[in-house]
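Novice: Just so you know, we're using this note's numbering here: the sequence shown kicks off at 1 and counts up by one.
I should point out that these hints are in silico values taken from the structure, not numbers from a laboratory.
Worth double-checking, as some hints may not be accurate.
Listed next, the in silico DMTMM-like pairs over lysine to aspartate or glutamate satisfying Cα-Cα at most 25 Å (straight line) [what the hints assert, rightly or not]: (1) K119 <-> E78; (2) K57 <-> E5; (3) K85 <-> E95; (4) K94 <-> D10; (5) K68 <-> E78; (6) K85 <-> E35.
The model shown is predicted, which means the values in this text are computed figures rather than measured ones.
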Amino acid sequence: MFKGEVIAWDLSTSANNQQIRKMLQKAFSKHKNLEGLIFHSDQGWQYQHRQFSEKLKQKGIIQSMSRKGNCLDNSVIESFFGTLKRECFYGREKEFLTFKQLHKAIANYIYYYNHKRIKDKIKWMSPIKFRETFISNYN
């Protein structure tokens, strides 16, 4: 996440290395220069896997993990998941009868979240608008 922007995501019926590789590939194809980026996660087994760490290292990405049992270290993503559940799911759980319906709802929500949902912390812009403004001012 960059100022709240979801960079890449993937959904699976179970956590597995293929899912993580797919998500990383999406992020890598979206952004070319990732040198110095910090990838922060919890201590899930998939993030501790040697192959995962190697892929990050190859791109110059610094891997960071939260301390065991400390959700505050991962507060940015915990907050995002809370927002996703509150705005997309609570009260609508019975609408998602298939994995495909759930996937579509999440995809639509993430598009909305990145492109249209404004936040006071980023000067009342959407995350993508803020990133674009930041980059144009930086260059």
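Novice: Looking at the structure, which of the earlier hints fail to hold?
Specialist: 6
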